[in-house]
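Protein chains: 2
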Amino acid sequence: MDTFAVKGHVIYTKTKDEVTVTENAYIVCENGKAAGVFPSLPERFRGIEIRDFGDKLIIPGLIDMHLHAPQYAFRGLGMDMELIPWLNTYAFKEEAKYADTGYAQKKYRAFCDELKTGATTRAAIFATIHMPATYILMDMLEASGLVTYVGKVNMDRNAPDDLRETTHESYESTLAWVKDCASRYVNTKPIITPRFVPSCTGELMRSIGGIAEQYGVPVQSHLSENAGEIAWVKELHPEIASYSRVYFECGLFGHVPTVMAHCIHLSEEEMELAQQRGVYIAHCPQSNTNLASGIAPVREMLQRGMRVGLGTDVAGGFSASVLRAMGDAIQASKLYTALADRSRPPVTLSEALYMATKGGGGFWGKTGSFEPGYEFDAVVLDDSDINDAAELTPLQRFERVVYLSPEIRADAKFVKGVRIKL
Amino acid sequence: MDTFAVKGHVIYTKTKDEVTVTENAYIVCENGKAAGVFPSLPERFRGIEIRDFGDKLIIPGLIDMHLHAPQYAFRGLGMDMELIPWLNTYAFKEEAKYADTGYAQKKYRAFCDELKTGATTRAAIFATIHMPATYILMDMLEASGLVTYVGKVNMDRNAPDDLRETTHESYESTLAWVKDCASRYVNTKPIITPRFVPSCTGELMRSIGGIAEQYGVPVQSHLSENAGEIAWVKELHPEIASYSRVYFECGLFGHVPTVMAHCIHLSEEEMELAQQRGVYIAHCPQSNTNLASGIAPVREMLQRGMRVGLGTDVAGGFSASVLRAMGDAIQASKLYTALADRSRPPVTLSEALYMATKGGGGFWGKTGSFEPGYEFDAVVLDDSDINDAAELTPLQRFERVVYLSPEIRADAKFVKGVRIKL
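For the record, the sequence lines run as chains A and B. So for the first sequence, the working numbering puts the first residue at 133; every next one is plus one. So for the second sequence, the working numbering puts the first residue at 133; every next one is plus one.
Keep in mind that the hints were calculated from the coordinates and are not lab data. Treat the hints loosely; a few may be bogus.
Partial pick of chain A residues on the chain B-facing surface, computed with a CB cut under 10 Å [as the list claims (entries may be wrong)]: (1) I362; (2) L467; (3) V512; (4) E531.
Lysine-lysine pairs mimicking DSS-like chemistry, simulated, CA-CA at most 25 Å apart [to be verified]: (5) A:K321 / A:K366; (6) B:K188 / B:K148; (7) B:K188 / B:K229; (8) A:K553 / A:K146; (9) B:K146 / A:K238; (10) B:K238 / A:K188.
Where a beta carbon is used, it is the ideal one built from N, C-alpha and C, also for glycine.
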């Protein structure tokens with residue numbers, strides 16, 4: 133590791149309320165961490181290598197807090213159902229194919245290429261129940277240079293035969309995998325991944341919750357996405373007060389770092405529990421729109437100090453772009469304002485960028501900002517194809533990237549201070 | 133004009149309820165009109181030229197029922213306000229620049245290039261109040277081969293000084309322009325364009341309504357987009373029962389073919405009036421989302437037999453793609469279902485394609501379908517960059533284009549039977 137600087141128009145958020153923009157600035161990277169953003173290079177860094185990206189925009193690497201690698205292959209299809217029928221009709225059928233390692237090899241390759249060339253640097257990913265395919269995915273992700281959590285999915289009830297494990301085999305394979313991964317990868321880490329309460333018995337959830345605590349492995353799952361799903365959880369666990377409490381009682385709700393996707397319909401008690409337990413919320417506005425699930429009150433969550441990041445939720449979401457997720461978060465919140473609650477101001481560009489970077493960043497340590505001490509994840513964006521108005525500020529140019537060019541490829545990408553091959 | 137066929141996977145809608153797909157089909161064009169879609173070429177067409185587009189998708193040319201050419205240059209910027217402040221802060225400032233013909237020349241060039249190379253074949257376009265810039269736009273559009281209505285905008289009240297005409301000069305310049313255009317263009321037609329009620333005195337609206345009737349020129353305007361706007365109209369015309377009735381009483385509501393953008397908050401009486409008068413509604417879901425205006429009940433409108441097309445409403449909408457407008461119409465309707473009314477099923481892909489083609493098509497004659505007798509507007513789409521799943525049907529591939537690749541460039545484009553240069 134060495135010390136170098138990248139130069140360009142630097143855009144990031146220290147707080148949810150403000151975008152910090154420094155034109156023609158230097159971000160210094162020391163041993164993989166940001167040492168600060170400077171309008172001119174300080175004396176003490178004289179002589180370090182400068183990678184000059186000229187008029188381009190530089191933002192922190194974007195963080196995708198929730199997506200399903202095996203669903204990437206059918207993104208943009210079957211967008212005509214709500215959650216439970218959609219899972220049964222489309223998602224589970226596709227996931228079952230990952231028993232075939234040849235299929236997994238081919239489809240995961242396309243998924244990794246997309247992730248690598250876009251603006252994402254870190255992601256929390258669902259795989260399938262299949263161990264061999266999950267290793268294939270993890271091997272590819274490790275080779276990509278991205279930093280990811282990958283979850284072998286656990287399912288021992290209410291799943292089709294070819295995706296349902298016994299409680300015992302689900303536990304045993306998860307345990308063996310967690311032990312094996314400890315020494316196998318640098319940037320690719322296992323994450324305990326009960327699909328969601330309807331797919332996992334209490335016994336399974338408690339036992340994998342135990343693995344999480346024993347081995348210090350984080351947890352990801354789904355929570356409170358759809359009204360039918362919530363009613364189903366109530367039916368399955370009538371003795372437990374809420375959906376969140378089911379996870380809590382199984383050791384899966386902030387006992388280790390935990391990210392829960394969606395969290396659309398949380399009760400006040402659940403909000404308080406999630407906040408108190410430090411649970412990260414992966415807000416997935418596009419998926420929540422496509423499956424007509426609703427829209428989580430993310431501004432309020434941020435305001436009360438809850439931890440909120442953005443997820444693309446491929447393939448409930450059709451786009452794997454976190455830039456698009458930013459635009460979608462703003463747009464969905466505007467429809468919430470217009471259709472449900474005029475007193476609730478929409479998500480701002482600043483809040484959207486914050487969620488996409490520093491908001492979810494804490495899940496990975498100090499990540500998602502260029503403030504000193506943060507891991508140096510940076511993405512250089514070349515917007516020259518849409519930068520047709522010479523008088524625009526860097527922030528205006530970035531707003532246009534979010535709306536006009538969300539599928540933009542990264543021009544250069546650094547993860548933990550290392551420039552990765554695109 | 134001659135007879136020829138184009139060959140490919142043909143996708144169109146005869147009704148709002150069903151997409152008609154014919155794989156490896158021939159669409160025969162005779163003298164600029166479709167003669168039908170055939171799985172194999174009928175005997176009577178033996179020997180005609182066949183333009184074979186292989187595995188590509190062929191859809192009717194898309195129709196953009198509402199957009200603002202002078203706002204194209206600032207699309208994707210300033211998406212942080214609702215309608216009236218947005219107009220005052222962003223839109224009017226930009227439109228004032230079109231007093232400068234050099235500016236107009238440059239910006240309208242980019243606008244026309246976008247329209248030409250995308251999937252749009254016809255559009256109803258707002259220009260500005262400025263006559264010279266409007267001619268520049270019309271000349272460029274005529275050269276493009278697209279079929280358009282272009283409106284010199286009328287504004288004689290509640291507008292900044294540099295965009296406000298006197299009633300007399302607004303009327304006189306409109307009259308002179310309508311007369312002049314009669315012989316000037318083949319595919320580019322004038323359309324009477326009072327900006328909206330707040331910007332036009334009753335006297336002006338009545339007088340340009342008279343021009344519309346006398347010269348058989350259609351009408352376009354905005355209607356019922358935003359609650360504040362509606363209240364303002366009520367204040368300006370307390371004696372008239374509704375926003376729609378203001379237009380009606382000025383001869384601007386179906387006296388000639390009329391398209392009204394938005395129509396989000398129509399009362400039942402206004403819905404009936406619009407239907408009875410055969411008024412076309414330009415549904416602009418992206419703009420209505422960006423400005424937090426609300427979502428028009430377009431399924432219900434279609435169901436009761438009202439005429440509904442799609443508009444991109446650049447630059448309330450940031451995208452000039454009608455494919456994106458299709459996806460947005462579906463997505464916005466899903467959030468309506470989730471947030472406002474669970475009993476209202478969302479817009480389907482079929483309904484979205486119908487609105488984007490045949491729904492608005494009647495405004496232009498027999499347009500928007502490949503049924504015999506319809507004007508032959510066709511767009512060939514090359515989806516090979518996202519067609520990574522060999523087993524997909526053409527309809528599935530089209531669904532993915534709508535969601536994954538809405539900014540796709542046309543591979544080939546025919547307007548009224550003529551292949552236009554892209």
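Subject >> chain B contact restraint for L467 (chain A) - C-beta distance below 10 Å >> reply: This interface hint holds because 5 Å falls under the 10 Å limit.
Original post:
Was the hint right that I362 (chain A) lines chain B, CB cutoff 10 Å?
Top reply: It is violated, given that the least Cβ distance between I362 (chain A) and chain B is near 14 Å, above 10 Å.
Original post:
Holds or violated: is there a CB of chain B closer than 10 Å to the CB of V512 (chain A)?
Top reply: violated, 20 Å
**OP:** Sort out whether K146 (chain A) lies within 25 Å of K553 (chain A), counting only the CA atoms.
**Re:** violated, 28 Å
Subject >> Hint consistency between K188 (chain B) and K148 (chain B) [alpha-carbon to alpha-carbon, up to 25 Å] >> reply: holds, 23 Å
Original post:
Would the pair K238 (chain B) and K188 (chain A) pass a check requiring their Cα atoms to be no farther apart than 25 Å?
Top reply: Satisfied, since the Cα-Cα distance of roughly 24 Å is no more than 25 Å.
**OP:** With a cut-off of 25 Å on the C-alpha distance, tell me whether K321 (chain A) and K366 (chain A) pass.
**Re:** violated, 32 Å
Original post:
Taking 25 Å as the top limit, are the C-alpha atoms of K188 (chain B) and K229 (chain B) close enough?
Top reply: Roughly 42 Å separates the two Cα atoms, so the pair is violated.
Subject >> Proposed interface contact between E531 (chain A) and chain B, which counts if any beta carbon pair is under 10 Å >> reply: holds, 6 Å
Original post:
Does the alpha-carbon distance linking K146 (chain B) and K238 (chain A) stay inside the 25 Å limit?
Top reply: Outside the cut-off at roughly 39 Å; violated.
This entry does not satisfy hints 1, 3, 5, 7, 8, 9, going by the numbered hints stated previously.
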